[in-house]
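**Q** As given, the protein sequences belong to chains A and B, one line each in that order.
Going by the numbering used here, the first sequence runs without a break in its numbering and finishes at 666.
Going by the numbering used here, the second sequence runs without a break in its numbering and finishes at 366.
Hints listed in this document are in silico derivations from the structure and should not be mistaken for laboratory results.
Heads up, the beta-carbon is just placed ideally off N, CA and C, and yes, glycines get one too.
Please note that a few of the clues may not be correct.
[To be verified] DEER-style ranges, computed between Cβ atoms: (1) B:I309 - A:I512: 44 to 50 angstroms; (2) B:V345 - A:I657: 52 to 58 angstroms; (3) B:T52 - A:Q471: 46 to 52 angstroms; (4) A:E601 - B:Y260: 20 to 26 angstroms; (5) A:E601 - B:T227: 40 to 46 angstroms; (6) A:I657 - B:D223: 21 to 27 angstroms.
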Amino acid sequence: MSLLAQIVNGIALGAGYALLAVGWSVLLGSARLVNFAHGQLYMLGAFITWWGTSALGLPYFVAIPLAVAGAAILGMMMQLLMTRLTLRQDLVSLMLVTLAFGYIFTGGASLIFGGDPQQIPSPGMEHRFIVFGAHLAYQDLVIIFCALGLYAATWWVLTKTNMGRIVRGVAEDPKLAQLYGISPAKVYIGVFVFAAASAALAGALIAPRSPILTSIGFEEVIITFLVVVIGGIGNILGGLIAGFGLGIFTALFGAYVSPAYSMAAAFAVLLVFLIVRPQGLKTS
Amino acid sequence: MTNVTRTRYGRVLVWIISIVVGFFFPQILGGTEVIYTTAALVAIFAIMSYGNDLILSDLGEVSLGQTVFWAAGAYTTALLVIKSDWAPFMSLAAALVVSTLIALALGLATIRTRDFIFSLVTYAAAIIASAIVTNTAYFGGSDGLVGMPLLSIPVVGGQYEASSNEALWPIAYVSLVLVIAFVARFRRSSLGITSLMTHMNSDLAETMGVDVRRTRILVFTLSAPVSALAGWLYAYQRSYVSPDLLSQFFLLLMLTAVILPGKRILLGPLFGTAVLVFQQQHASFGGDIDRLVLGGVLALVLLTSSDGLAGWWRAITKRRRTKSVTAFNSKDSNGTVAASLPTIKE
Numbered sequence: 383m384s385l386l387a388q389i390v391n392g393i394a395l396g397a398g399y400a401l402l403a404v405g406w407s408v409l410l411g412s413a414r415l416v417n418f419a420h421g422q423l424y425m426l427g428a429f430i431t432w433w434g435t436s437a438l439g440l441p442y443f444v445a446i447p448l449a450v451a452g453a454a455i456l457g458m459m460m461q462l463l464m465t466r467l468t469l470r471q472d473l474v475s476l477m478l479v480t481l482a483f484g485y486i487f488t489g490g491a492s493l494i495f496g497g498d499p500q501q502i503p504s505p506g507m508e509h510r511f512i513v514f515g516a517h518l519a520y521q522d523l524v525i526i527f528c529a530l531g532l533y534a535a536t537w538w539v540l541t542k543t544n545m546g547r548i549v550r551g552v553a554e555d556p557k558l559a560q561l562y563g564i565s566p567a568k569v570y571i572g573v574f575v576f577a578a579a580s581a582a583l584a585g586a587l588i589a590p591r592s593p594i595l596t597s598i599g600f601e602e603v604i605i606t607f608l609v610v611v612i613g614g615i616g617n618i619l620g621g622l623i624a625g626f627g628l629g630i631f632t633a634l635f636g637a638y639v640s641p642a643y644s645m646a647a648a649f650a651v652l653l654v655f656l657i658v659r660p661q662g663l664k665t666s
Numbered sequence: 021m022t023n024v025t026r027t028r029y030g031r032v033l034v035w036i037i038s039i040v041v042g043f044f045f046p047q048i049l050g051g052t053e054v055i056y057t058t059a060a061l062v063a064i065f066a067i068m069s070y071g072n073d074l075i076l077s078d079l080g081e082v083s084l085g086q087t088v089f090w091a092a093g094a095y096t097t098a099l100l101v102i103k104s105d106w107a108p109f110m111s112l113a114a115a116l117v118v119s120t121l122i123a124l125a126l127g128l129a130t131i132r133t134r135d136f137i138f139s140l141v142t143y144a145a146a147i148i149a150s151a152i153v154t155n156t157a158y159f160g161g162s163d164g165l166v167g168m169p170l171l172s173i174p175v176v177g178g179q180y181e182a183s184s185n186e187a188l189w190p191i192a193y194v195s196l197v198l199v200i201a202f203v204a205r206f207r208r209s210s211l212g213i214t215s216l217m218t219h220m221n222s223d224l225a226e227t228m229g230v231d232v233r234r235t236r237i238l239v240f241t242l243s244a245p246v247s248a249l250a251g252w253l254y255a256y257q258r259s260y261v262s263p264d265l266l267s268q269f270f271l272l273l274m275l276t277a278v279i280l281p282g283k284r285i286l287l288g289p290l291f292g293t294a295v296l297v298f299q300q301q302h303a304s305f306g307g308d309i310d311r312l313v314l315g316g317v318l319a320l321v322l323l324t325s326s327d328g329l330a331g332w333w334r335a336i337t338k339r340r341r342t343k344s345v346t347a348f349n350s351k352d353s354n355g356t357v358a359a360s361l362p363t364i365k366e
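Put together the whole structure using the sequences plus the hints.
**A** Structure, rendered in structure tokens:
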């Protein structure tokens, strides 16, 4: 396969990475929060979609909102439970609690959905086309358009709307924002719900590419982390560029060196970034 | 003999008695193979947790890559013993060195990171390490490395062979006692004190002349051989090593073991590990429900108390004190209690 074909594959892969990371980027940039259960919310998004299509008989594109709503409810419950820690900005406890939630989600999903691998039946995976020698599925196009659309919408909301100003205000100084009558707790819940829902959307859209297991999600956290840190924390455009960049890097490394070690190589890139340019692609 | 010396001797005596009683504890509980298996696992996992305890309690950081050092200890041991026939103590020395070097490299790479970035890098390191050992034939791939011989160490008059968990117990127990003594000594050392200063207020520590970055790297590096020692023991206890050493289970276990009783309590990780291992060994509900239990315990403790069971205990005793003071004040205003108060004799 030619270099150009690999780059096209990388763009398709990178769109998925970017989509996976958008919620985290907002969470970290706007609310200074982290969620180690992000990968498990991705897994739940995939499994709820599969359950919607197989158990309820819903069409794939109808099962997706179900998965997004399910993850949003879980995200809201998580944040409600963590309100005290969030308002106290107890980052250590927050990290550990979300890690514990992720572990609970894995166990719970195994109990509910079973331990067998499942395949999400998406109509987008049935038809393929060739671009510069790369074989893409229509699902890839859906992922690319969804990623671009979600990033554009997120950027617009955060920079051009009153809601975005409130979120940025809380990120800047929650106590001062409170003096203006803004409730930081409500903003944190909203941001957390968005992050959880976007992770589930990513799961519902990306997971049909390969069989899913309830044990997935750990690598997705690392991908998210790489995209957010390399893109620059809170930098929405940087996250999109980093997502595509990571996708192209992974595709090229996988094709020309070894697919098994592509994530390890990406991690090495991250370490270089942390040493040379800890602010990522952010200009300031 | 001064009072201070007497108190010190008394404390040493209590420790000696506790250590002796601790050694015979499995025997007191019945001395069955199941009891000794539980006891050996508690000792091994507690050692593993003490490595994490140094970072979490003393440095105030969350290292989610501690499983890398524990796995490095186990894998180095298995590789050298199975493939090159190394003696146990030689493999132990190699395990400690390898884990220290990995920690040093990771510590230097993350020198400019703090809080969640540090945690995420260490978390990523664990997941990447898992991907590497799973995909590399030299490490045995997903099957791991099997065929560990029995742990056999030279003693006066011959060799001591740990042919069962009962026979392994003395070695695991001595290792545990040494690690606890090491942690206690660390907390009294200047590094331990500067580490705590860095944790409590890094800006102040810097103003006082503490090299915060150096302290962080030193403590991080120091924690690695502690967990690696546990990995060395576990490789012999289980007779094989596999990528599951880098799984979430061990990470959650070591974190919960430290957080459950409350951070920076010397015997805390031992107590936490004992509770968790006992549940896993004797009151297990199956893999998936055990996940809910382990994750649930960690989440519950963190959501309800900033300092584990010790925090709960403090909250309960504080409430009791407040209640008794309130009761006293209300009764006192009626004049009913005042009469029963002892009078001060002049």
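**Q** A separate judgement is required for each hint: does it hold in the structure or not?
**A** Going down the list of hints, with the structure as the test:
Our hint of 44 to 50 angstroms for I309 of chain B and I512 of chain A holds, since their Cβ atoms are close to 48 angstroms apart. A beta carbon spacing of about 56 angstroms between V345 of chain B and I657 of chain A agrees with the range 52 to 58 angstroms that was offered as a hint. Between T52 of chain B and Q471 of chain A the CB atoms are about 49 angstroms apart, so this pair conforms to the stated range of 46 to 52 angstroms. The hint said 20 to 26 angstroms for the Cβ distance between E601 of chain A and Y260 of chain B, and at roughly 25 angstroms that hint holds.
Separated by about 42 angstroms at the C-beta atoms, E601 of chain A and T227 of chain B satisfy the suggested range of 40 to 46 angstroms. A hinted range of 21 to 27 angstroms holds for the C-beta pair I657 of chain A and D223 of chain B, which are about 23 angstroms apart.
Every hint, counting from the list given before, is met by this structure.
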